[in-house]
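Residue numbers (the working numbering), protein chains in the order written: chain A, 27 to 246; chain B, 1105 to 1214.
Don't read these hints as lab results, they were simulated from the structure.
Note that this is a predicted model, so its numbers are computed, not measured.
Ideal Cβ positions, reconstructed from N, Cα and C, are used throughout, including at glycine.
Keep in mind that the hints are not guaranteed to be accurate.
Some chain B residues judged to face chain A by a derived CB distance under 10 Å, without partners named [as the list claims (entries may be wrong)]:
#1 1118
#2 1119
#3 1122
#4 1133
#5 1175
#6 1179
#7 1180
#8 1188
#9 1189
#10 1191
One side of the interface only, derived from the structure: several residues of chain B facing chain A at Cβ under 10 Å [stated by the list, open to error]:
#11 1111
#12 1125
#13 1126
#14 1137
#15 1141
#16 1157
#17 1178
#18 1192
To list a few chain A residues with every Cβ distance to chain B over 12 Å, as calculated [what the hints assert, rightly or not]:
#19 50
#20 54
#21 59
#22 71
#23 103
#24 122
#25 146
#26 193
#27 194
#28 219
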Amino acid sequence: MVFNKPEVDKMLSMARKLGFSVVGLTLEDVDMKPLDIKPPENLKVVWRLDLTRDKTQPKTIDKLRKLFSIIAVSCSSRDEFRAVLKTRVDLIFQKKLFALNLSDVRVLASSGKFFELNFKPLIYARGFEMVNVIKVLRRNVELLRKMKIPIIISSWASNPYEVTPPLELPQFLTLADVNVQEFYRCVSEEPARLLELSTSKRMGLPNGVRILGREYYEDV
Amino acid sequence: MKMFKTRYLALKVECDGKFNRDSFQRNLIETYLRLYGEYGLSKANLKFLKLGDDGLAILSVNHSSLPHLRTILALIRELDGVRTLVHVLGVSGTIKRLKAKFLSAEVGKS
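Whole structure, please, built from the sequences with the hints as guidance.
Below, the structure is given as structure tokens:
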């Protein structure tokens, strides 16, 4: 992705206007470092890196975790999906939409990773392609819900007019015949939990240990 | 018992260029027809009550079709080649409450 700073600034001010409090900016190049961006007031920016399957070696991820808040990995087929489940990434998303099956989702549930849904394919698909997108989306959402997988809903915006208001983000799930109100947590609580978990991974805390708060005492 | 409950939506259409009211109206109906068909659109009883040049709009819809309309609004990203974003300011059961709660602040801004 070519990082266009004026466009990103516009996106951030649009996000603030629409009511976001935290926004994730994505880089796809492993060699790039988070850029110095000044977000608008009351808006926090977190950096995320999208990896491909071939760049998910444990050493690479450990090194990148110091730079990025969230490490995600893309997959375009079921084989790739199964392979990336064994890696140390925080989040999995489908670059090309494909149908999951129950055993895939079971493995995903046991791996404790988050799954990202985005509705960009729905905006641009037309005709029979749209039919397929909705069909796959309905199947995947049903399985993910059944296995209680933590889901993150994102807009994948690449310009200010693709930034979707937070409460509008889960609306596309009406096409999957689910109650949208159940999915509001996917744009609020679940992303916050993902950030919290990735922060504890960065600090090297063992599994199951959470920082609930901090208190500093001065030696008297 | 009231059988056909209506919901009123306040919208703000943000455009990269000039906002075209006719284009928005046409695009909304086309997208609704494409996704939910003629039967769905007839059930929605969709009406454009106000459509200002400043991008503020009030729509009315059958309460059971509200989620469908919100999906459609989220999918509209272009009006005649102009990048567009439709932002639902709020939903209410009466126009009076809608104007008091969601539109008073927006009118003050513009």
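Status of the hints after comparison with the structure:
The interface hint given for residue 1118 of chain B is met, as the beta carbon of that residue sits about 7 Å from the closest beta carbon of chain A, less than 10 Å. A least Cβ separation of about 8 Å between residue 1119 of chain B and chain A falls short of the 10 Å threshold, and the interface hint therefore holds. The interface hint given for residue 1122 of chain B is broken, as the beta carbon of that residue sits about 14 Å from the closest beta carbon of chain A, more than 10 Å. Hint status for residue 1133 of chain B: violated, given a least beta-carbon distance of 16 Å to chain A, over 10 Å.
Of the supplied interface hints, the one on residue 1175 of chain B holds, with its beta-carbon coming within about 5 Å of a beta-carbon of chain A, less than 10 Å. For residue 1179 of chain B, the interface hint holds, the least distance from its beta-carbon to any beta-carbon of chain A being 6 Å, beneath 10 Å. The interface hint given for residue 1180 of chain B holds, since its Cβ lies 9 Å from the closest Cβ of chain A, which is under the 10 Å cut-off. Annotation: interface hint on residue 1188 of chain B holds; nearest CB of chain A at approximately 6 Å, less than 10 Å.
Checking residue 1189 of chain B against chain A: minimum C-beta separation of about 5 Å stays under 10 Å; hint holds. The interface hint given for residue 1191 of chain B holds, since its Cβ lies 5 Å from the closest Cβ of chain A, which is under the 10 Å cut-off. The restraint placing residue 1111 of chain B at the interface with chain A is violated, with a minimum CB-CB distance near 14 Å, outside the 10 Å limit. Against a cut-off of 10 Å between C-beta atoms, the interface hint on residue 1125 of chain B is violated, since the closest Cβ of chain A lies about 18 Å away.
A distance limit of 10 Å between C-beta atoms decides the matter here; for residue 1126 of chain B the minimum to chain A is near 20 Å, and the interface restraint is violated. Hint on residue 1137 of chain B is violated. Least Cβ distance to chain A is approximately 13 Å, over the 10 Å limit. With a cut of 10 Å, the hint placing residue 1141 of chain B at the interface with chain A is violated, because the nearest CB-to-CB distance is about 13 Å. Interface hint at residue 1157 of chain B: violated, since its Cβ lies 19 Å from the closest Cβ of chain A, which is beyond the 10 Å cut-off.
A least Cβ separation of about 5 Å between residue 1178 of chain B and chain A falls short of the 10 Å threshold, and the interface hint therefore holds. Because the beta carbon of residue 1192 of chain B sits about 6 Å from the nearest beta carbon in chain A, less than 10 Å, this interface hint is met. Its beta-carbon lying about 19 Å from the closest one in chain B, residue 50 of chain A satisfies the requirement of being farther than 12 Å from that chain. Non-interface status of residue 54 of chain A relative to chain B is upheld: no Cβ of that chain comes within 12 Å, the nearest being about 22 Å off.
Non-interface status of residue 59 of chain A relative to chain B is upheld: no Cβ of that chain comes within 12 Å, the nearest being about 30 Å off. Under the 12 Å C-beta cut-off, the non-interface status given to residue 71 of chain A relative to chain B holds; the minimum distance is some 20 Å. For residue 103 of chain A, the non-interface assignment is confirmed: its Cβ lies about 27 Å from the closest Cβ of chain B, beyond the 12 Å cut-off. Listed as outside the interface, residue 122 of chain A is consistent with that label: its C-beta sits roughly 20 Å from the nearest C-beta of chain B, beyond the 12 Å cut-off.
Consistency note on residue 146 of chain A: stated as away from chain B, yet its beta-carbon is not over 12 Å from all of that chain's, at 10 Å minimum. For residue 193 of chain A, the non-interface assignment is contradicted: its Cβ lies about 8 Å from the closest Cβ of chain B, within the 12 Å cut-off. At the 12 Å boundary, the C-beta of residue 194 of chain A falls inside the reach of chain B, the nearest C-beta of that chain being 5 Å off. Its beta-carbon lying about 24 Å from the closest one in chain B, residue 219 of chain A satisfies the requirement of being farther than 12 Å from that chain.
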